[in-house]
Amino acid sequence: MAEQKKEVLLKIRDLKIQGYTDETWIDIIKGVDLTLHRGEVMGLIGESGAGKSTIGAAAMGYARDGTRITDDSSIEFDGMELTTASEGERRALRGSRIAYVAQSAAASFNPAHKLIDQHTEAPLQYRIKKRVEAQEDGVELYRRLRLPNPDEIGFRYPHQVSGGQLQRAMTAMAMSCRPDLIIFDEPTTALDVTTQIEVLAAIRDIVEQFNTAALYITHDLAVVAQMADTIKVLLKGNEVEQAPTEEMLNNPKEDYTKSLWAVRDFTSPQRYRPKDGVPLISVKNVDASYTGGAKVLDDVSFDIYEGMTVAVVGESGSGKSTTARCITGLLPPSKGEILFRGEPFEPDYRKRPREQLRQCQMIYQMADTALNPKVKISEIIGRPAQFYSGLTGAALKNRVDELLDLIELDPSKFYNRYPPELSGGQKQRIGIARALAAEPTFIVCDEVTSALDQLVAEGILRLLDKLQNELKLAYMFITHDLATVRSIADEVVVMQYGKVVEQGPKDDMFKPPHHPYTDLLLSSVPEMDPNWLTTLLEERGVDNVGDAASAKMAEQSK
Amino acid sequence: MFVLIYFVFLTVCFLASAYFNQRTAFMLTFSLFMISMILFIVGGDAALRSVAIGAALLAGAAAVSFGFKEFLVQMADGDAGAFLRGGMMLPVMGVFALLAFASAYLGWGVTEVFITLVVLALILAPMSPDFAKELRTAPLTAAFGMFVIFVVSIMAIYAPLIAPYGEAEVISSAFAPRDESLLLGADQLGRDMFSRVIYGARNTVTLALLGTTLAFILGAMAGLLAATKGGMFDQAMGRTADVIMSIPSLIFALLMLSIFGGSLASPSTSFYLLFGFAIIVGLLFLAAAAEGAMGWVIGAAVMIGAGLAFAAAGTTIFDASEVILILVVAVIYSPRVFRLTRAVAGNVVVMDYIEAAKLRGEGNWYLIRREILPNSTAPLVAEYGLEFCFVFLLIAGLSFLGLGIQPPTADWGSMVRENATLISFGDPTPLIPAAAIALLTIAVNFVVDWMLFRSSGLKEQ
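The listed protein sequences correspond, in order, to chains Y and D.
In terms of our numbering, the first sequence has 459 at position 459, counting the first letter as 1, and numbering is strictly consecutive.
In terms of our numbering, the second sequence has 1045 at position 45, counting the first letter as 1, and numbering is strictly consecutive.
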């Protein structure tokens, strides 16, 4: 392996990429160098807007619409200069010698064709294999990636396969021509922790088996620590530093890198339930189902006390968001009830009086869809204040200023702007301000940090914690990220298949003994230790991680 | 002599473009040069002349469009519409429209001035530096379209001042040839063609504009409401629209017009029909806005009052057959608008911000007005332009069949029919109103294309 590594596969020198905005060309990537050897995996890390994906695309000689690679940049792939190569020559490389794995496999597969047909497309196009051969090879790859029923899964359509399996099928597809280089663009970001671990293990194995070089783009440090041989940190189109994984993790040189590493340090102190208080919100034996469907929630009960944060964790489909919809009244429960300070809440939000509606506000995961792009910030925040408290004129303006101050945005700058002009973190803050404007006692936070970069997410968490202390708010914090739970929660509720499997104060939950499912969730959270994945797989065995394990557990509980 | 100049000019052009390395310009001029040589051999002097005239016309149109675009850019850059934004636009336009109506009714003689002010307000309102940026990137075709629309609207508003003769004034013998005083000749009764084309702009365009607007108010309101309410209301609306759409539109129009319209139209029927239309629209508005029983009672009272005023105004301005025509057009085209609006609003309704507003306890009217409408205006405006063309063509077609605008009122569609006999004598007179129809339709489509490009990001590769 050592000899093979010496051969340089991809050499990028002084890469500058410009984007066209406001009638001028602006540098997005400001001169990045990159050298990748055969069989080497390099992790590209940075916040959104750092230019990770742009560099990934440039490695294929591709510049997205509205961007261009400047003339003095050089991208050399296996001795071939891509910046001067013709479009035809570059096309011949893509799919056969350089492959790409996108973030959302569900959106990248064509829903109208079977997986295997999409898999064999590239080998047939390049006349590397006959169709039958390619199909057999596909099945072989599915087997190596440990997909269930490898002989049969390829003949399904994308919507019949789960997200984690699709992501692995996509990796298999990228492998179909045995490329020299694969670009992984955040392949596990959209997945649950338990699913992510399977995909990571599969990708790592297959890259090792075929000695393929890879660029692994992600913003999750713990993930990149498992995958990469070297790590390159990017910030706003500039390279911050590059070092082998071990060295980078143990002693980062630059301040920015250190700050990235330090993100997970924030923890709010554990609060305890008041001795003899009435819970603010109490969910009592709630069952719920969507029209005509099977039960999504099954006998869910938990309490939320004033000024405390209850984190609801579980993988997607476990009923976390449905519980929130029951509390807010969007989905009236079919059995059981929601109590607010001991009084029952109307099950349907349309029948709730204003006073009840104001008590319970929501903050959404996707700030992009949660804020109306055509309405000014001042109105987005001002409307609840006007609606519930009847403020108008100068009083309303003062209130909006006050709220903007609370979320640490400068009122004079943001008052008249529109949501599309803000960054992701700022949008999420506006979402928080809108919830606060109603002066609620209880806020549902639905995956509020999962769409954000770690540094920004940490800022949001600190803000939420500060607001909680100042305003005595109670949070129901829905998340699948256990690191977030560890930092902000007071109590934890673990859900699986619509049932509460375990609940209790945070300090107890993170100490053994665990319920087996909680244990699975906890063990699946990637750690910064580069040997974590290897150790874990050795300890538990490949069949006892991820979806396979959680399915087994469901089997047993029946 | 002409031929010599022609070829020398082309040669200079392609040599210059080759020298300055302008690839497309060179290809264009050089291929024109080659084609001209063949044309000269086949068609002689005359063919080259028509090519030159065509090219000059094209260049002229391009130059004018460019100038008009620059003019608009300058206006937008200067933020000419600043004073109209922020809620001022509707009141200003409303006041001017009322004044125009009063002036027409009481005979002050300054109706045109007020209508101009309304149109000006409409043009100025979007003029902002942001808009200037988009205008700069607009293609010349869009500028050409805007220019044509601008000219047609001037023609329509000031028709009595521009036209040398009256609309139905017989001034010479039938089919008199064109000369100094009759710019486009005379029609089958000896009326001035040029004056009638100008008056035709006023009649046809106004009716098409009104018909489209009413279709939009009805269809868009129903669509927005169906998307927000869903359930049974959505179903009922959808099926009603399906029923109307299942009848071929021209047949349906012919049917309705032969029952109510044409020469049979009476002022009282048209008044009742107009009032009925107003009540339907009013009910839709009420369903969205009214809260509680009190709201319905007050709303219904306001609605009946507004409906009566609307019907009275409609029947005073237009004669009975025109009112019927507008209504028929509105009913026929509203289902298409309904479908589009419902689809567009359906995409907006599922957004989280709508859920947030619903959880806040906002009513349907707030949801529609503040949350859904601002996010669906772009496709709706584009659709408005498109539907305007269809409506315009339908009215022209109906007039051609004799069921639309009644003589002696000038109208582009019926003018084509009235002069149709001349076609067999090789005279282009009937083609003039036809060309006017084509020009306006194409112009509107150019502008709509640009708007669609802007709103939906139909990026060309």
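Quick caveat, the hints were computed from the structure, so don't treat them as lab data.
Possibly wrong hints are sitting among the right ones.
[As the list claims (entries may be wrong)] Below, computed lysine-lysine pairings styled on BS3-like, alpha-carbon distance capped at 25 Å:
# : chain 1 : residue 1 : chain 2 : residue 2
1 : D       : Lys1229   : Y       : Lys374
2 : D       : Lys1133   : Y       : Lys413
3 : D       : Lys1133   : Y       : Lys376
4 : D       : Lys1133   : Y       : Lys374
[What the hints assert, rightly or not] Computed spacing ranges between beta-carbons, pair by pair:
#  : chain 1 : residue 1 : chain 2 : residue 2 : range
5  : D       : Pro1248   : Y       : Glu337    : 31 to 41 Å
6  : D       : Ala1236   : Y       : Tyr418    : 49 to 59 Å
7  : Y       : Arg354    : D       : Ile1298   : 15 to 25 Å
8  : Y       : Glu241    : D       : Leu1015   : 54 to 64 Å
9  : Y       : Arg354    : D       : Ile1304   : 44 to 54 Å
10 : Y       : Ser450    : D       : Leu1254   : 35 to 45 Å
11 : Y       : Gln356    : D       : Asn1445   : 48 to 58 Å
12 : Y       : Arg64     : D       : Arg1454   : 49 to 59 Å
13 : D       : Val1297   : Y       : Gln356    : 49 to 59 Å
We treat Cβ as the ideally placed atom computed from N, Cα and C, and that holds for glycine.
Do the hints match the structure? See the list:
For a cut-off of 25 Å, the pair hint linking lysine 1229 of chain D to lysine 374 of chain Y stands: about 22 Å separates their Cα positions. Restraint check: the Cα-Cα separation between lysine 1133 of chain D and lysine 413 of chain Y comes to about 23 Å, which is no more than 25 Å; the hinted pair holds. The suggested pairing of lysine 1133 of chain D with lysine 376 of chain Y holds, with an alpha-carbon distance near 21 Å, which does not exceed 25 Å. Distance restraint check for lysine 1133 of chain D and lysine 374 of chain Y: the Cα-Cα separation of roughly 19 Å lies within the 25 Å cut-off, and the hinted pair is therefore satisfied.
Separation of proline 1248 of chain D from glutamate 337 of chain Y is about 56 Å and departs from the stated range, judged on CB atoms against 31 to 41 Å. Taking the beta carbon of each, alanine 1236 of chain D and tyrosine 418 of chain Y are about 36 Å apart, not inside 49 to 59 Å as hinted. For arginine 354 of chain Y and isoleucine 1298 of chain D, the hinted distance range of 15 to 25 Å is satisfied, since their beta carbons lie about 22 Å from each other. Checked against the hint of 54 to 64 Å, the pair glutamate 241 of chain Y and leucine 1015 of chain D passes, with Cβ atoms roughly 58 Å apart.
Look at arginine 354 of chain Y against isoleucine 1304 of chain D: about 32 Å separates their beta carbons, and that is not inside 44 to 54 Å. Our hint of 35 to 45 Å for serine 450 of chain Y and leucine 1254 of chain D is violated, since their Cβ atoms are close to 60 Å apart. At roughly 52 Å, the beta carbons of glutamine 356 of chain Y and asparagine 1445 of chain D sit within the given window of 48 to 58 Å. Distance hint for arginine 64 of chain Y and arginine 1454 of chain D: a CB-CB separation of about 20 Å, inconsistent with the stated range 49 to 59 Å.
At roughly 28 Å, the beta-carbon separation of valine 1297 of chain D and glutamine 356 of chain Y lies outside the given 49 to 59 Å, and the hint is violated.
This entry does not satisfy hints 5, 6, 9, 10, 12, 13, going by the numbered hints stated previously.
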